[in-house]
Every structure is written in structure tokens, then in C-alpha cells.
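Student: So you can see what is in the structure, the chains are spelled out below.
2 protein chains.
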Amino acid sequence: MITALAGGVGAAKLLLGLSRVMNPKNLTAIINTGDDIQLHGLHISPDLDIATYTLAGIVDEEKGWGIRGDTFSCLDGLRKLTGSEWFNLGDCDLATHIFRTNCLRSGATLTEVTAEITRALGVNTRILPMTDDRFETRIVTARGTMHFEEYMVKNGAKDEVLGVNLFGADKATPAPGVVEAIEEAELVVVCPSNPVVSIGTILAVKGVRAALKHTKAQKVAVSPILAGAPVRGPADKLLRGLGREVSAFGVAELYADFLDTFVIDVVDAVEEERIERLGVKVKVTNTLMKTLEDKTRLAKVVLEC
Amino acid sequence: MITALAGGVGAAKLLLGLSRVMNPKNLTAIINTGDDIQLHGLHISPDLDIATYTLAGIVDEEKGWGIRGDTFSCLDGLRKLTGSEWFNLGDCDLATHIFRTNCLRSGATLTEVTAEITRALGVNTRILPMTDDRFETRIVTARGTMHFEEYMVKNGAKDEVLGVNLFGADKATPAPGVVEAIEEAELVVVCPSNPVVSIGTILAVKGVRAALKHTKAQKVAVSPILAGAPVRGPADKLLRGLGREVSAFGVAELYADFLDTFVIDVVDAVEEERIERLGVKVKVTNTLMKTLEDKTRLAKVVLEC
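Sequence order for the protein chains is A and B. Counting in my numbering, the first sequence runs from 14 upward without gaps. Counting in my numbering, the second sequence runs from 14 upward without gaps.
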């Protein structure tokens, strides 16, 4: 049994790699839901969908999210009706949001509807939201506090990050199976996701960090930072906003209290000693995942830690 | 000021004709909402949309409903997720349903959201739902009582109609502007729609029939029955189910208490005398509307009644 903590695109690549080098049924992915947002009355779960579509083999690989070959007719219609529309919602993708929203309104939990969606799309890996409760990552900027997706997608992550507000974190409890998946795993993989708004949110759910400290599983993280910059996304701005160093070391600091091994890129080999001084073993390898081969190779490295 | 009572496809054709031979801003269409249905948590208003899309010039003219050139990717996705999907929802069409549902959930009335949709789509004619309240046409069959769309679309109108149950009719009040539009009109046009489940529902909303009797407007209806059969739809089955004659005369009987003039097709000229004996004047003309010219010609005949 292997459990992964995962955000969006970077995580999904490693999840795909893992699912190819092990029995995917023995893999559980605990997914960040801090990016979840209500748009047009629909419940959008960006990271859950990226993981699901990737493992279902239908993701738009060029973008890393959405469904390959999807069209945007409905979005065009919504734009006409609302005058503006900043979040991309493909027609086929919308089926997921409509189905999810309807199930949630009918009383299902996010865990339950996620299980239904993954089953319908033929995903064998267990995908769990980190929580079934409301949890919303908000970014504090000089222009005000805004939903993460607003900061990221609407405003193009242009604003300086003054702080991060995890709305709901004080009340959110782990979704059913989350703590068990960590406690009963042989290996917990922290995917190369944003350490603040993807992994940081999962770690902020009550009991998750304690479970990571308590479990007998090996805990291995893959650095999302290469040569002082994130592979993708605004992790640099968020780390800086929290007064953290934008480096593999800066990420290692955030995980040091529970982490056994940190996998960093060869370009960051120079950081090995500093990270080991945090009490974390270091594995140096190529961490960029462009091809499927990159993904399975990195997955194997992680499994061997 | 001219006010029309309207159902779906047949009505929309005459509305289009009227909007071309008069100032469309002086036309108000009161639309049946008894077919409205919740599907996937979305509020679908089939007749409101047919009228809106037709007057906006974007209707799929071949089908008579939906948007021309629309795609069905989202529906395919919903089919995968739910295992079945019997109601056609195009991708572009879905924007309307998503927008409407979100506005209704946010507290807007159906009248308000309809006004927003028609404005956004450039429709100059005022389109009013018959009521903002829940009103659901249910068909009683030997297999049980079902929503009209279930009877019609899901089951292909194959079941014998044992009765019609207008759920909510006892409580539904006319939408704002409905009674006024009837009372202040010079002419009220009853479109060639199903007399039971399109016009019958509008007439069943409290105060509408009284307003029709009370208004000084000329009241002119166009027969939806030609040569003993409906131009389209299951009006024959519904009339028969209520023990009514399937003929222009059978429809005239249902409207006789308020109607001044009944426009019937030349093929039904033989019914003229029987209808006049109900105290209703008869105008005989070609009522089939295939081309835009047919529609404007019939609209002119109606306006001259």
C-alpha cells in the first residue's frame, strides 16, 4: 500500500508514473481541495480532476489539465450571458462538474462522488479528497484577499503574495480513509506539488501531519523546485510570501518534521548537505517529467527510497 | 401592445412571424413552464428556451428546439458518469441552463433570469414565464404518473394518456406582468400550441382565465390541429385522454369561454359552423408554418382579426 499526497499537474505526472510501475489498486492519492471553487453554481475541484483525468488517460497533456480535444461551446455561451468568464471549463469537463455538483446537492460527500467519477472513468487508483469539508485557500495581496484560483487564473499570479489564508482549516477534518491511508501505508509519497497551496493545505487538515509523524511508512518527497524555481506554477511567489527560501532546501524545511527522504534534482545536488542537516536523507536524480518514461523512472526511484 | 400565450415549437414559429410584422418591443409572450424539469440539478425550461432561441435567431430550425450547430460533448460525458441520459442538452444550450440555475439558486426569480437571458441574446420581445412558482405537468398513464418530459421525450409519448395532473396549479400565481399583459393588450394571441399541456397549463394559473374573460383585448387563437391531427406533438393523445374531440372544434371548445376568433386551416373549413355555434368567430386560412413567409403571413392574418 502506497499513499501519495498530491496537488495538480506535477503530482498527476508522478501519480501516472507510480500507477505504471506498481499495481494501481494499491495506490491511494490524497488530493488537495483548497483550490476547489464554486463557479456558476458548479463545484469545481481542479486538482481532483487533474489526477482523475490523468490516470484515466484522457487529460489534455499539453495543458496538463482538462480533457484532451475538449471544446468550449458552453463557456462561450456563459461568456455571452455573464459578460465575463475567466475560468476555463471544457464541454466534456463540465459533465464532471455538473455531475459532482448534483451529487453534492443531493447529499453525497465529495469522497463519494469522487469515487463514482473515478469508477466511471475507469481509474483503478483510489483518489481521495483531503477533506469533505469546506476548505478554501485564499491569497492575501495588496489588492485584497482572493481565492487561490482568482489569484492564479484570473490575475495570472501577478500580485505579490503577502500571506496565505487557509479558510476552513480550523474546522476541516480529513475525509474518510485519509488518516488510515497514511497510517497503513508502507510508503507515503509527497508529490512535487506546490508546498504551500497544494501540499501545505493537505498538511493543514487536522490530524494529517500527526498521522505522517506517527505512521511507520517511509515518507519520501519529490522537490517541486529546480535550480531555485518551480517547475511550473507560482510556488516561488508563495514561498517568498511566507518568508521561505525558494529552493529545494526551502521546501525540505517545510517537510522536515515528518520526512525521511527528499528527492531533489541533479541541478540542486549542491543543497544535499544543507538538507541532510535537517535530518532528512537526500536522493539526487533527474526529477523533470516530460515523457512517460521520465515519469515511470522517477516513480521507480521513489519506490526504491 | 399584443400578448401571446405560447408553448414550444409551434408557438415560437408564430411568435417569430409576429415579431417580423410588428414592433417586437410591443409583443409580450407568456410562456408555458409546466414542462420545466430539473435534470442533473439544472433547471431546464424547454418552452422558454425555444421561444428565446427562435426569436434570437439561433434556434436549430430543423429540430425546432436547441441551438443551431450545437455539439453534445457534455451530454456524452454525463452519459458516461450517469449511465443514461435521455434528455438532449447541447453544449451551448447548457450555458443557459447553468446560468438560469445559478441565478435561481442565488434568489432571482424565473422572470428575472429570463429577462437577463433574452437581453443577453438580443431578443426584443418580452418573454414572461407563466409563473415563477413550481408548476409541473404530469401525465397519468397505466405505467404510473410521470413528468410530461418523461412521458414525451423519455418514453416517446407511447403511453395512453389516462389523465393530466397539473402539480402546483393550486398554488401557482401568475408571474409579475402576466395578468397586466393580458388586461392591457389590444390583442391576445393564443398560439397553435398543445391545448392541454401548453396553453391548458397557462390557463390553469390562477387569474389568467379570468383576465382573458375580463380584458377588452380581441382574443384570437390559432388551431394546433389540422385535419384531425396535431401539426406536431402529442396533442391528439392528450385531447383523447381528456375525452375531447381531436379536431379544431375540440380545441375551440376548450377556449370558447374567452375566445373571440379561432383561426383554422382550410382543410378544416367544414368545422366552421360547429365552432361558430360555440359563439366563436372563425377565420379560415393556411395555418401550416414552414417558411418564414408562412409565419409572417399567418401573423398578419392574426393581427387583422
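Treat the hints loosely; a few may be bogus.
To be verified - Distance windows between CB atoms, simulated: (1) B/Leu301 x A/Glu129: 46 to 56 Å; (2) A/Asp183 x B/Thr122: 31 to 41 Å; (3) A/Arg287 x B/Gly96: 14 to 24 Å; (4) A/Asn101 x B/Asn101: 40 to 50 Å; (5) B/Asn36 x A/Glu129: 23 to 33 Å; (6) B/Lys76 x A/Ala121: 50 to 60 Å; (7) A/Arg156 x B/Ser119: 34 to 44 Å; (8) A/Glu258 x B/Arg132: 25 to 35 Å; (9) B/Phe100 x A/Ala269: 46 to 56 Å; (10) B/Asn101 x A/Ser97: 22 to 32 Å.
As the list claims (entries may be wrong) - Simulated pairs of lysine-lysine, DSBU-like, Cα-Cα distance not exceeding 35 Å: (11) B/Lys38 x A/Lys303; (12) B/Lys303 x A/Lys93; (13) B/Lys313 x A/Lys93; (14) A/Lys93 x B/Lys93; (15) B/Lys296 x A/Lys93.
Hints listed in this document are in silico derivations from the structure and should not be mistaken for laboratory results. Keep in mind that this is a model prediction, so the values were computed, not measured. Cβ coordinates follow ideal geometry from the N, Cα and C atoms, glycine included.
Student: Would you mind marking each hint as holding or not holding in the structure?
Tutor: Tested hints:
no.: 1; hint: B/Leu301 x A/Glu129: 46 to 56 Å; in the structure: 48 Å, holds
no.: 2; hint: A/Asp183 x B/Thr122: 31 to 41 Å; in the structure: 37 Å, holds
no.: 3; hint: A/Arg287 x B/Gly96: 14 to 24 Å; in the structure: 54 Å, violated
no.: 4; hint: A/Asn101 x B/Asn101: 40 to 50 Å; in the structure: 25 Å, violated
no.: 5; hint: B/Asn36 x A/Glu129: 23 to 33 Å; in the structure: 52 Å, violated
no.: 6; hint: B/Lys76 x A/Ala121: 50 to 60 Å; in the structure: 34 Å, violated
no.: 7; hint: A/Arg156 x B/Ser119: 34 to 44 Å; in the structure: 25 Å, violated
no.: 8; hint: A/Glu258 x B/Arg132: 25 to 35 Å; in the structure: 53 Å, violated
no.: 9; hint: B/Phe100 x A/Ala269: 46 to 56 Å; in the structure: 55 Å, holds
no.: 10; hint: B/Asn101 x A/Ser97: 22 to 32 Å; in the structure: 28 Å, holds
no.: 11; hint: B/Lys38 x A/Lys303; in the structure: 59 Å, violated
no.: 12; hint: B/Lys303 x A/Lys93; in the structure: 30 Å, holds
no.: 13; hint: B/Lys313 x A/Lys93; in the structure: 33 Å, holds
no.: 14; hint: A/Lys93 x B/Lys93; in the structure: 28 Å, holds
no.: 15; hint: B/Lys296 x A/Lys93; in the structure: 42 Å, violated
Taken one by one, the earlier hints fail for this structure at numbers 3, 4, 5, 6, 7, 8, 11, 15, listed in ascending order.
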